[in-house]
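> First to last, the sequence lines map onto chains A and B.
1 is the number of the first residue of the first sequence in full-length UniProt numbering; add one for each residue after it.
1 is the number of the first residue of the second sequence in full-length UniProt numbering; add one for each residue after it.
To be clear, the hints were calculated from the coordinates, so they are not data collected in a lab.
Hints are supplied without guarantee of correctness; some may be wrong.
A pair holds if it fits inside one copy or across any two, identical chains being indistinguishable in the list.
The calculated EDC-like cross-link candidates involving lysine to aspartate or glutamate, where the alpha carbons are at most 16 Å apart (straight line), are [to be verified]:
(1) 211 x 60
(2) 140 x 228
(3) 137 x 214
(4) 171 x 109
(5) 122 x 192
(6) 171 x 44
(7) 171 x 135
(8) 211 x 244
(9) 140 x 7
(10) 122 x 88
(11) 236 x 135
(12) 137 x 119
(13) 216 x 184
(14) 29 x 244
Residue-level listing of the chains:
Protein chains: 2
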Amino acid sequence: MTGGKAESIVTAAFLVIGDEILSGRTKDKNIGFVADYMTSLGIDLKEVRVVADIKEDIVEAVNALRQRYDYVFTSGGIGPTHDDITAESVAAAFKVPLNLDPRAVAILESHYARGQFTDARKRMARIPEGADLIENKVSKAPGFRIGNVHVMAGVPSIMQAMMDAVAPTLKTGTRMLSETVSADMPESRIAERLAAIQDAHPNTLIGSYPKATDGKFTTQIVIRARDEAVLSAAAKDVSQAVTEISG
Amino acid sequence: MTGGKAESIVTAAFLVIGDEILSGRTKDKNIGFVADYMTSLGIDLKEVRVVADIKEDIVEAVNALRQRYDYVFTSGGIGPTHDDITAESVAAAFKVPLNLDPRAVAILESHYARGQFTDARKRMARIPEGADLIENKVSKAPGFRIGNVHVMAGVPSIMQAMMDAVAPTLKTGTRMLSETVSADMPESRIAERLAAIQDAHPNTLIGSYPKATDGKFTTQIVIRARDEAVLSAAAKDVSQAVTEISG
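Okay, chain A solo, but in the shape it has when bound (with noise of 0.2 Å):
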């Protein structure tokens, strides 16, 4: 910390909810998008987790992440199927009940023609007691968040919306900056000298990524400081090391 301002760290976990992502069908979407939205919001992603459809895997996972982060995001499992059961499951791990959400059946009963508010649909209308709504703008189903818990869907257009409902109800903590420097040169080159920039540059956090293309490998150093001055002396160091090292 420099410049007398205290810098604010609020964190989060991400909990994708589907046997379709651990079996392979679908390639997950949502991880990368969730990570840079909430660097871009300046709030700390600390751990994702991917669990099946199953009740008691994800009372667990939700009950281990609300403990530890501010702030906890689920995708998927939320739809009119048998093997939606993310609403129960969040329900099971508050321990409160599942009730038809009068809320969420009035939203979904004007999206609805007349009579076609069948059975299956009315499964998305039960929210956990006490939750509030997430807006979904795309197709109505709402998601909802409760204590530090937000729920919502797993196809990427519609997650994305919900976050984007959501984004403004959340506290955010100082913004992570951070600079890139590119080394043509393997780390093993380079990892000596950022070794001992990052033990000289404390409130820094310094990462090497090796890039291997066509059998070459290169690297990316990011170095990343909620100060723009300390980021700017760590990164200044970090260019410096990769110009001697190159020459």
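Please build the complex by placing chain B on the supplied structure of chain A, with the hints as guidance.
Only chain B this time, still in chain A's reference frame:
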């Protein structure tokens, strides 16, 4: 189970280690690969976690997952830089020392030119006591297996080569087979029928996956089972339901 043949189930978890995934800087490519690979081997991937380059977080995740599943695979954090702390964290999880491993030293010494096997590169030869090495055909620095935990690189091409080296050593279960039925309707229209079909075919897993394309919703219904006859009986019922509802 049918046909008198007992089904065997082997489970696994995948642990992704790295700040860069959580910050959004790097978009993970390994989860989908491991999910597909496990499914093709006949191993059930039951959980995925992503944690930061923080020792206590890695130790906790490794210990939770290795007790719960037959196998754990990790990716990331085994390079030569200061932020590569997976080996020391896994050693701590197993409460064993982390030493320079003569086998790993021999591999790396013969790989680098004389005098180029620097202290930084020696970090990559530190292996928890009692571990076996995992061959790295791409860039030589080995992964390792200790107990039921397989520690692999984060760079996708290297991770994939290591997985190929590990695969022949794994016990595998009865492969999960699957059939997919496409339904040109939102899933809420078929939800009640699917629930009844799931009840009638308890040895299958029927998943319903909505897809939004240009504001129109279609549904992919995936039926999974380890027995071919069981699978096709359930898939036939699903196809018939889709046809009836479409008609």
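> So, for every hint listed, does it hold in this structure?
So, going through the hints one by one against the coordinates:
no.	hint	result
1	211 x 60	neither (36 Å within a copy, 28 Å between copies)
2	140 x 228	neither (42 Å within a copy, 38 Å between copies)
3	137 x 214	between (44 Å within a copy, 14 Å between copies)
4	171 x 109	neither (33 Å within a copy, 51 Å between copies)
5	122 x 192	between (60 Å within a copy, 11 Å between copies)
6	171 x 44	within (12 Å within a copy, 38 Å between copies)
7	171 x 135	neither (19 Å within a copy, 46 Å between copies)
8	211 x 244	neither (21 Å within a copy, 52 Å between copies)
9	140 x 7	neither (38 Å within a copy, 42 Å between copies)
10	122 x 88	within (13 Å within a copy, 51 Å between copies)
11	236 x 135	neither (45 Å within a copy, 37 Å between copies)
12	137 x 119	neither (22 Å within a copy, 56 Å between copies)
13	216 x 184	within (9 Å within a copy, 46 Å between copies)
14	29 x 244	neither (40 Å within a copy, 33 Å between copies)
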